[in-house]
Amino acid sequence: MAPASENRRYAALFLSALFLFTVPATALSASIAMDVNQEQVRQWNRFAQMLVELHEKAVAQHEIRESEETGRHGGEFAGRFSYREVSYHDAKSGRLLSRIRRGTDSPDKIQMIDVFIYDPSGRVTRDYTAIYLPWARNAPIRTYINLHQYQDGLHGFRQFDASGNRLYEQCRGKYSGGQVDLSLEDYRIDENITATTAYRACFGKLPATADNYLTPH
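If you count by numbering that gives the first Met the number 0, then the sequence shown holds residues 0 to 216, one letter each, in order.
The set of hints was computed from the structure by calculation and includes no laboratory data. Computed from a predicted model, the values in this text were never measured in an experiment. Among these hints, one or two may not hold up.
What the hints assert, rightly or not - Calculated lysine to aspartate or glutamate pairs in the DMTMM-like style (CA-CA distance at most 25 Å, straight line):
1) K108 with D151
2) K91 with E62
3) K91 with E67
4) K204 with D185
5) K91 with E75
6) K91 with E38
7) K56 with E75
8) K91 with D104
9) K108 with D118
10) K173 with D210
11) K56 with D89
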């Protein structure tokens, strides 16, 4: 089963695609060029490279079973770009360790990379993602650090980007005889929410910042 943050990641990809994959590449490139944060470019490229290194370390330490799928991106312009996505599973436990999407015509260029870290019980404790546009290599357009907590029948995760900005929180499960289903963009998190017992049960033990995870490990 895919980690819980899968839905969040693919939802973000879909929302990005509504804009990015329908804008002509020349217009998009011009827009991006006008507002480039060079420090973020450096940080996010370094983050993506560290994910590659973390993936290679995991593959070297486990007996691996691979699975793959191929396809094309959605949208009139992006539909010109096809991909091959390989998932790397631990052969003994079946756990998904990492996943890498590369361009079919440019297998040396990563379009997306995910790396998953597990606790001794086999639960994802954190996962990392970097996503590039299929046609651009300046830096990833999305980076995610998801930190997970499991407590009292609840599974919550807090999401940051590779610059340390909090983006999102999600928690689902049963608590005090009721069902909890929280999906919170950062701008919606206020004192009225954080003061509730359900919120504290979901996220109370998660780090408030991603400082210790900006270097994936």
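Structure-based check of all given hints:
1. K108 with D151: Roughly 42 Å between the alpha carbons, so the hint for K108 and D151 is violated.
2. K91 with E62: 7 Å, holds
3. K91 with E67: Holds, at about 18 Å.
4. K204 with D185: 18 Å, holds
5. K91 with E75: With Cα atoms ~41 Å apart, K91 and E75 exceed 25 Å; violated.
6. K91 with E38: 41 Å, violated
7. K56 with E75: Given pair K56, E75 is violated - Cα atoms ~37 Å apart, limit 25 Å.
8. K91 with D104: Given pair K91, D104 is violated - Cα atoms ~33 Å apart, limit 25 Å.
9. K108 with D118: It is violated: about 31 Å lies between the C-alpha atoms, which goes past 25 Å.
10. K173 with D210: Not OK: K173 and D210 at ~30 Å, beyond 25 Å, violated.
11. K56 with D89: 13 Å, holds
When each numbered hint is compared with the structure, violations occur for hints 1, 5, 6, 7, 8, 9, 10.
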